[in-house]
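J.: The residues making up each chain are set out below.
There are 2 protein chains.
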Amino acid sequence: MSRSIWSGLDIKAPKELPIGVFDSGVGGLTIVKEMLNILPKESIIYLGDTARVPYGGKSCETVLRFTKEAVDFFITKGVKLLLIACNTSSSLALPYLGEDYDLAMLGVVDAGAEEAVKVSRVKRIGVIGTKATIASGIYERKIKELDSKIEVFSSSCPLFVPLVEEGWAEDAICYRIAERYLKELKNKKIDTLILGCTHYPLMKKIIQYGIGESVALIDSAKLFVKQVRRLLSNCDKLSAGVNPSYEFYVTDEANQFSQMSRLFLGSNLAQAQRVELKEHKNVSNFNKV
Amino acid sequence: MSRSIWSGLDIKAPKELPIGVFDSGVGGLTIVKEMLNILPKESIIYLGDTARVPYGGKSCETVLRFTKEAVDFFITKGVKLLLIACNTSSSLALPYLGEDYDLAMLGVVDAGAEEAVKVSRVKRIGVIGTKATIASGIYERKIKELDSKIEVFSSSCPLFVPLVEEGWAEDAICYRIAERYLKELKNKKIDTLILGCTHYPLMKKIIQYGIGESVALIDSAKLFVKQVRRLLSNCDKLSAGVNPSYEFYVTDEANQFSQMSRLFLGSNLAQAQRVELKEHKNVSNFNKV
Numbered sequence: 172m173s174r175s176i177w178s179g180l181d182i183k184a185p186k187e188l189p190i191g192v193f194d195s196g197v198g199g200l201t202i203v204k205e206m207l208n209i210l211p212k213e214s215i216i217y218l219g220d221t222a223r224v225p226y227g228g229k230s231c232e233t234v235l236r237f238t239k240e241a242v243d244f245f246i247t248k249g250v251k252l253l254l255i256a257c258n259t260s261s262s263l264a265l266p267y268l269g270e271d272y273d274l275a276m277l278g279v280v281d282a283g284a285e286e287a288v289k290v291s292r293v294k295r296i297g298v299i300g301t302k303a304t305i306a307s308g309i310y311e312r313k314i315k316e317l318d319s320k321i322e323v324f325s326s327s328c329p330l331f332v333p334l335v336e337e338g339w340a341e342d343a344i345c346y347r348i349a350e351r352y353l354k355e356l357k358n359k360k361i362d363t364l365i366l367g368c369t370h371y372p373l374m375k376k377i378i379q380y381g382i383g384e385s386v387a388l389i390d391s392a393k394l395f396v397k398q399v400r401r402l403l404s405n406c407d408k409l410s411a412g413v414n415p416s417y418e419f420y421v422t423d424e425a426n427q428f429s430q431m432s433r434l435f436l437g438s439n440l441a442q443a444q445r446v447e448l449k450e451h452k453n454v455s456n457f458n459k460v
Numbered sequence: 172m173s174r175s176i177w178s179g180l181d182i183k184a185p186k187e188l189p190i191g192v193f194d195s196g197v198g199g200l201t202i203v204k205e206m207l208n209i210l211p212k213e214s215i216i217y218l219g220d221t222a223r224v225p226y227g228g229k230s231c232e233t234v235l236r237f238t239k240e241a242v243d244f245f246i247t248k249g250v251k252l253l254l255i256a257c258n259t260s261s262s263l264a265l266p267y268l269g270e271d272y273d274l275a276m277l278g279v280v281d282a283g284a285e286e287a288v289k290v291s292r293v294k295r296i297g298v299i300g301t302k303a304t305i306a307s308g309i310y311e312r313k314i315k316e317l318d319s320k321i322e323v324f325s326s327s328c329p330l331f332v333p334l335v336e337e338g339w340a341e342d343a344i345c346y347r348i349a350e351r352y353l354k355e356l357k358n359k360k361i362d363t364l365i366l367g368c369t370h371y372p373l374m375k376k377i378i379q380y381g382i383g384e385s386v387a388l389i390d391s392a393k394l395f396v397k398q399v400r401r402l403l404s405n406c407d408k409l410s411a412g413v414n415p416s417y418e419f420y421v422t423d424e425a426n427q428f429s430q431m432s433r434l435f436l437g438s439n440l441a442q443a444q445r446v447e448l449k450e451h452k453n454v455s456n457f458n459k460v
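These protein sequences, in sequence, are chains U and A. Quick note on the numbering used here: the first sequence kicks off at 172 and runs consecutively. Quick note on the numbering used here: the second sequence kicks off at 172 and runs consecutively.
Fair warning: there could be bad hints in the mix.
Identical copies go unnamed one by one, so any copy, or any two together, can satisfy a pair.
In silico lysine-lysine, DSSO-like type, Cα no more than 30 angstroms apart, as pairs [as the list claims (entries may be wrong)]:
(1) Lys302 / Lys289
(2) Lys320 / Lys359
(3) Lys357 / Lys248
(4) Lys204 / Lys302
(5) Lys449 / Lys357
(6) Lys375 / Lys302
(7) Lys302 / Lys376
(8) Lys375 / Lys354
(9) Lys320 / Lys375
(10) Lys354 / Lys212
(11) Lys294 / Lys186
(12) Lys408 / Lys212
(13) Lys376 / Lys449
(14) Lys315 / Lys289
(15) Lys320 / Lys360
(16) Lys449 / Lys294
(17) Lys294 / Lys360
(18) Lys375 / Lys393
(19) Lys357 / Lys289
(20) Lys204 / Lys289
(21) Lys315 / Lys212
(22) Lys248 / Lys452
(23) Lys354 / Lys376
Read the hints as simulated data drawn from the structure, not as lab findings.
Produce the complete structure using the sequences and hints provided.
T.: In structure tokens form, the structure reads like this:
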């Protein structure tokens, strides 16, 4: 493969700084979970925009505005690298962020697209995600950049996130909904399916059932974090710290987040803190009243 | 009945001013639909906070903050009366708004509670709503204020809103979900069920099936608007206008809203305009970074 997610990515900040992880809510903790295993020496600052979650049905302009406010937060905090864990932000906002900021940023979308291209034998790849992610067409573009011969088929699955958050990820009703959402994709003879949303790995079993046992599911969290480790190693920016610190920030009430976090992290986390994000300047081009 | 939602409510503003309708998103258009029939001479300013929707899983503090920003918007616009169409805002924010503002405000919760008390013969009332509305306990408090002997049973139905927005309000899967959510309520021998969310009237058929045919469903939109008409009439604040105007504002992209609006309004509406709400002062008591 000729291209890579980190070609040209330059990390200027000191290696001792934490890694930032941004998500629209709690789902990005799947990335944090992998980081605790794969990058155990790294300090982490997590931000979940729980007051405005979900992003998945919102417009490009709004997701970009919210994401810029989050990036400003991480710049204030000081991180060496920012991981955009939210697929919707990675799809709609990250492509427009690069030039405005002097901060290294990576999104989950590249990792998922790269892995799918590696895995697919028949060159037919499926993608599922939120309405906004699918409408952006970003997975298709990324995959075609890597291999223009690959055919990409996509489908949005808006109910999967509320189903997971309701704790019904393995429920019989969820099977019926997965069948419905995946029916068309199943007819496309794909051999690889990208789980293009942080919540979907939690209902892997049902998605596998819906799409068929022979289709490989691409869960980008683990391989994203592995790629991050390789990148940091190549740049000599891996932390040598022995006492990594973990800070969790949310924009809505902190206790709700801590409770929900067990679903994604599989364990309790240190108490989250509530913050209010400052408005990003020069981003609104509509009336303010 | 000794108490009423408008006891003590004083409308000081001129009768020619429009009526404001606030909702977290598109659901409040059910109220607008009734207003077009019941109050055809009134001008309307609608605001849907579509950039931050839904409110139903968010904390009291956050819903209060967002609602205050919306109220500030309506004060800038100039309305004679503000209707809080969103059950979550009515439940979590409205009780704390009165003292801060010199603007007459009414929420849907009062109308639903009053009607249920009138309708119930066995004095056992059920309430369904978002997690936040149900957790607030407001319907129970309002009902008990009106008749302390009534027993109230409640249940949150978080998947109903995304199901309606997915267009699955009359789907077989939706029947299964309604059965599940309403099973416990069904055993409580209620004779009246309050639909405590703007979206629920769109799945009335399924809710009726889930709770049983003998239970009366309270859809507050129509009676809320009837109460508003009576209130305006009593205060001599009904508009005499012959050319009422309608303005629709949203905080996210306007086209998405216009498309979704057909589901609730049953017809096309004038193009919505996008606005950004200003931060309400003196409401944050947590760190700003």
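J.: Indicate, hint by hint, whether the structure satisfies it.
T.: Evaluated hints:
In this homomeric assembly, Lys302 and Lys289 come within 30 angstroms of each other (Cα to Cα) only inside a single copy, at 25 angstroms, whereas the closest approach across copies is 43 angstroms. In this assembly of identical chains, the alpha carbons of Lys320 and Lys359 lie at most 30 angstroms apart only when taken from the same copy (16 angstroms versus 60 angstroms across copies). Taking the shortest alpha-carbon separations for Lys357 and Lys248, neither the intra-copy value of 45 angstroms nor the inter-copy value of 51 angstroms comes in at or below 30 angstroms. In this assembly of identical chains, Lys204 and Lys302 lie within 30 angstroms of each other by CA distance both inside one copy and across copies; the values are 26 angstroms within and 27 angstroms between.
In this assembly of identical chains, Lys449 and Lys357 lie within 30 angstroms of each other by CA distance neither inside one copy nor across copies; the values are 44 angstroms within and 47 angstroms between. In the homo-oligomer, the alpha carbons of Lys375 and Lys302 lie at most 30 angstroms apart both inside one protomer (19 angstroms) and across protomers (26 angstroms), since each shortest distance falls under that limit. Within a single copy, Lys302 and Lys376 get their C-alpha atoms as close as 22 angstroms, and across copies as close as 27 angstroms, so both meet the 30 angstroms cut-off. In this assembly of identical chains, Lys375 and Lys354 lie within 30 angstroms of each other by CA distance both inside one copy and across copies; the values are 16 angstroms within and 28 angstroms between.
Proximity of Lys320 to Lys375 under the C-alpha cut-off of 30 angstroms is restricted to the intra-copy arrangement: shortest distance 28 angstroms within a copy versus 49 angstroms between copies. With identical chains, the CA atoms of Lys354 and Lys212 are never at most 30 angstroms apart, being 43 angstroms at best within one copy and 49 angstroms at best between copies. In this assembly of identical chains, Lys294 and Lys186 lie within 30 angstroms of each other by CA distance neither inside one copy nor across copies; the values are 39 angstroms within and 66 angstroms between. Proximity of Lys408 to Lys212 under the C-alpha cut-off of 30 angstroms is restricted to the intra-copy arrangement: shortest distance 12 angstroms within a copy versus 67 angstroms between copies.
Taking the shortest Cα distances, Lys376 and Lys449 never come within 30 angstroms of each other, neither inside one copy (40 angstroms) nor across copies (44 angstroms). Within a single copy, Lys315 and Lys289 get their C-alpha atoms as close as 13 angstroms, which meets the 30 angstroms cut-off; across copies the closest is 63 angstroms, which misses it. In the homo-oligomer, the alpha carbons of Lys320 and Lys360 lie at most 30 angstroms apart inside one protomer (15 angstroms), although the nearest pairing across protomers, at 62 angstroms, exceeds that limit. In the homo-oligomer, the alpha carbons of Lys449 and Lys294 never lie at most 30 angstroms apart, since the shortest distance is 44 angstroms inside one protomer and 49 angstroms across protomers.
In this homomeric assembly, Lys294 and Lys360 come within 30 angstroms of each other (Cα to Cα) only inside a single copy, at 10 angstroms, whereas the closest approach across copies is 58 angstroms. For the identical chains of this complex, Lys375 and Lys393 are intra-copy neighbours only, at 14 angstroms inside a copy versus 43 angstroms across copies, given an alpha-carbon limit of 30 angstroms. For a Cα distance limit of 30 angstroms, the shortest separation of Lys357 from Lys289 inside one copy, 20 angstroms, qualifies, whereas the shortest one across copies, 52 angstroms, does not. Proximity of Lys204 to Lys289 under the C-alpha cut-off of 30 angstroms is restricted to the intra-copy arrangement: shortest distance 24 angstroms within a copy versus 53 angstroms between copies.
For the identical chains of this complex, Lys315 and Lys212 are neighbours neither inside a copy (36 angstroms) nor across copies (56 angstroms), given an alpha-carbon limit of 30 angstroms. In this assembly of identical chains, the alpha carbons of Lys248 and Lys452 lie at most 30 angstroms apart whether taken from the same copy (18 angstroms) or from different copies (24 angstroms). For the identical chains of this complex, Lys354 and Lys376 are neighbours both inside a copy (16 angstroms) and across copies (27 angstroms), given an alpha-carbon limit of 30 angstroms.
In summary, the numbered hints that this structure violates are 3, 5, 10, 11, 13, 16 and 21.
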